[in-house]
Amino acid sequence: MSIINVLNISKQFGEVQAVDNLSFDVRPGEIFGLLGPNGAGKTTSIRMILDIFEPDSGEISVLNGPMTEEKKNHIGYLPEERGLYQDIPLERCLTFLASLKGMEPKDIHSQMTDYLKRFELYEYRGKKVKELSKGMQQKAQLISTLIHDPEIVIIDEPFTSLDPVNTEMVKDMLEMKRDEGKAIIMSTHQMNQVEELCDRILLIDHGKRVLYGTLGEIQNQFSSKDIMVTPLTELPDAIDGVREIKKLNGRFRLILAEDAAPNQILKNLINQGVELTEFEIAVPPLNEIFIQVVQKKGGADND
Amino acid sequence: MTKIWQIIKHEYLRHVLEKKFLISLLSLPIMVVVMFGVAIIVILFSIDDTPVGYIDQPGILTQAYEREQDSFFNPKIDFLSYEDKAQAQTALESEEIQAYYIIPENYSSTLLVELYYLDEPDSDVQSQFDQYMRQNLDTLQGLDPQVINRLENGTQITIADLDGEREMGQDQWYLVFTPFVLGLMFFFVVMTSGGYLSQAVVEEKENRTMEIVITSVSPNQLMTGKIIGNIALGLTQLLAWLLFGWIGIKVAGRVWPVVQDFSLSTEYILIALLAMVPAFLMVAALMAAIGATMTETSESQQISGLFSITMMIPYYLASPIMMNPSGAIATALTFFPFTAPITIMLRMALTVMPQWQLILAIGIIWLFAIFAIWFAGRAFRMGMLRYGKKLSLKEIFRKEIRA
Numbered sequence: 000m001s002i003i004n005v006l007n008i009s010k011q012f013g014e015v016q017a018v019d020n021l022s023f024d025v026r027p028g029e030i031f032g033l034l035g036p037n038g039a040g041k042t043t044s045i046r047m048i049l050d051i052f053e054p055d056s057g058e059i060s061v062l063n064g065p066m067t068e069e070k071k072n073h074i075g076y077l078p079e080e081r082g083l084y085q086d087i088p089l090e091r092c093l094t095f096l097a098s099l100k101g102m103e104p105k106d107i108h109s110q111m112t113d114y115l116k117r118f119e120l121y122e123y124r125g126k127k128v129k130e131l132s133k134g135m136q137q138k139a140q141l142i143s144t145l146i147h148d149p150e151i152v153i154i155d156e157p158f159t160s161l162d163p164v165n166t167e168m169v170k171d172m173l174e175m176k177r178d179e180g181k182a183i184i185m186s187t188h189q190m191n192q193v194e195e196l197c198d199r200i201l202l203i204d205h206g207k208r209v210l211y212g213t214l215g216e217i218q219n220q221f222s223s224k225d226i227m228v229t230p231l232t233e234l235p236d237a238i239d240g241v242r243e244i245k246k247l248n249g250r251f252r253l254i255l256a257e258d259a260a261p262n263q264i265l266k267n268l269i270n271q272g273v274e275l276t277e278f279e280i281a282v283p284p285l286n287e288i289f290i291q292v293v294q295k296k297g298g299a300d301n302d
Numbered sequence: 000m001t002k003i004w005q006i007i008k009h010e011y012l013r014h015v016l017e018k019k020f021l022i023s024l025l026s027l028p029i030m031v032v033v034m035f036g037v038a039i040i041v042i043l044f045s046i047d048d049t050p051v052g053y054i055d056q057p058g059i060l061t062q063a064y065e066r067e068q069d070s071f072f073n074p075k076i077d078f079l080s081y082e083d084k085a086q087a088q089t090a091l092e093s094e095e096i097q098a099y100y101i102i103p104e105n106y107s108s109t110l111l112v113e114l115y116y117l118d119e120p121d122s123d124v125q126s127q128f129d130q131y132m133r134q135n136l137d138t139l140q141g142l143d144p145q146v147i148n149r150l151e152n153g154t155q156i157t158i159a160d161l162d163g164e165r166e167m168g169q170d171q172w173y174l175v176f177t178p179f180v181l182g183l184m185f186f187f188v189v190m191t192s193g194g195y196l197s198q199a200v201v202e203e204k205e206n207r208t209m210e211i212v213i214t215s216v217s218p219n220q221l222m223t224g225k226i227i228g229n230i231a232l233g234l235t236q237l238l239a240w241l242l243f244g245w246i247g248i249k250v251a252g253r254v255w256p257v258v259q260d261f262s263l264s265t266e267y268i269l270i271a272l273l274a275m276v277p278a279f280l281m282v283a284a285l286m287a288a289i290g291a292t293m294t295e296t297s298e299s300q301q302i303s304g305l306f307s308i309t310m311m312i313p314y315y316l317a318s319p320i321m322m323n324p325s326g327a328i329a330t331a332l333t334f335f336p337f338t339a340p341i342t343i344m345l346r347m348a349l350t351v352m353p354q355w356q357l358i359l360a361i362g363i364i365w366l367f368a369i370f371a372i373w374f375a376g377r378a379f380r381m382g383m384l385r386y387g388k389k390l391s392l393k394e395i396f397r398k399e400i401r402a
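Listed in order, the protein sequences are those of chains Z and A. Residue 0 is where the first sequence starts when you use numbering that gives the first Met the number 0, and the numbers rise one by one after that. Residue 0 is where the second sequence starts when you use numbering that gives the first Met the number 0, and the numbers rise one by one after that.
So here's chain Z without its partners, still in its complex pose (with noise of 0.2 Å):
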């Protein structure tokens, strides 16, 4: 079912355990978030899946196997340390790494001039890379990164120096990608795009596992039993059941009392006549998930 899987993989470099005993898998058809903060390790995991360091122990299997040079024709990585050959012509350039990546000739050609139109690069193929923004550049690397329609992407940040109408137009192909059935882990520290688009997420902190699964698993495992509320009339000082009203723009987070159930204040409120526009179970952002977990851990170190 999986088509990436990491089992117990360790490295180290020098005296830093760089990731420790993680294990995860990836699957056919999701987007699958990898974080954490920097130096955690995530560079590093996809380096040793896509074959560039080997684990000091433990297994990976990528496509039903451990990788081979055959593989990596069926891999779009777009590494966070970000490049393209800045001298010769962005056609040339993208040619030559498509080849790379085992592509007839005639099909690059397609595919090129397919995407080029669709990232808005079409008239600019024959400017050399490095008389292109940098937007313009990104935008570039994501066509290497998919013109070979690869089974497995590994993206790091692909939504840095983007602006908003590509950002958007990049999470799209992502989604597309995905329904396709591809498999697409995604590296960023931009916790919104993780909730908009991953299905499921690993976070490493200091190379080990710290959460694993799917968006809702986690977030209602650090769901408070907090309730927002959006009252059209003013709220009683005092409800039966709730420790604490803090009020934020206009809602009203209720902070229960130990042995209150969300149900039960619904019915309160509505006993004591309050009318209500909005009645919900507070989730916690993955952002507050993320800096919670990670400072409980010691904090993070830096690169």
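Bear in mind the hints are in silico, worked out from the structure with no lab data behind them. On a predicted model such as this, the values are computed, not experimentally measured, just so you know.
In silico lysine-lysine, DSSO-like type, Cα no more than 30 Å apart, as pairs:
(1) Z/K116 / Z/K127
(2) A/K19 / Z/K133
(3) A/K18 / Z/K129
(4) Z/K70 / Z/K170
(5) Z/K245 / Z/K266
(6) Z/K105 / Z/K176
(7) Z/K116 / Z/K170
(8) A/K19 / Z/K129
(9) Z/K266 / Z/K224
(10) A/K18 / Z/K126
(11) A/K8 / Z/K133
(12) A/K18 / Z/K127
(13) A/K19 / A/K8
(14) Z/K105 / Z/K133
(15) Z/K70 / A/K8
(16) A/K19 / Z/K127
(17) Z/K127 / A/K8
(18) Z/K105 / Z/K129
(19) Z/K295 / Z/K207
(20) Z/K105 / A/K8
(21) Z/K133 / A/K18
(22) Z/K126 / A/K8
(23) Z/K70 / Z/K105
Following the hints, position chain A against chain Z.
Positioned in the frame of chain Z, the structure of chain A alone reads:
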């Protein structure tokens, strides 16, 4: 294999299509043409074909002066006969002639002539008069025909080795000249393609393309492709220069006929290739390794400068090598892979190298070439993803890395 081919093509084209390459390709022939041009202009300005006078008291010069080969830089001089010294002196002062000779009555016993001039005529004028005299020697009474023959034709020294396989005549000066030129060409080609190679690797690290490339091909494929691509680049340059050289010889042959006899033995070419090819591979591989271990282009250029200094050693020591081509210095440089190709070519031109030395020296170069490729492979795999951090020699040898 197709991927290696793509890399070769990419490496080759990205440089060949650049202006920089064309400039470096043309710079050497242009430099040579300019140098020769200047030399030719200087010679042209110094040529003086004003006639030369003579007073032939014993009446030796009965046959008219004939020149065997007329050349552009040494035009035929006309010799005008005068009755007496006063006439000749007037002609000299009115610049009708540039000098005059007096062949005295007692020439057959003294064999001395007198030369009068205002500005000394150049050596060619004197040698032409010499030739004129020789052509008329048989009119001299009492000279042995053998002596006349010797005087007319001069000496020809030919040195031959003991088994008579090789000889060298004094007019085959180009045999000494050739290894110098070939060596210089070899040096330039190796340094240019080596330079391109380390630059290509460092650039790929600097602009971070490396990571994408090695998730598409294996490090060995990448290194092989790069080395072959850049060697092809160097060979393109070499071929272009040889072509220029050939055109140069053809053109120069019209002016200096001796150049037209230029040729090299197959044996010489074969041994030169056997020594140069692995040396080329060795330097190329080491340059790739430097590119992989260094983090900035400028650093890699400094290190490659060390290679070029080492390779130039036979030129610094050219005079002791030529004085004693089988001496200690020449022999030592033969067994050091960086200096071996040029030293071998020099020694082969000047002496007969013992066979065991030749075999050992070429063996050493091949061995070093293989080692360099192995070393580069390791350095490459370890260094390619290091950004901003140099790879130390110790690490390359010690660390366990992925094959």
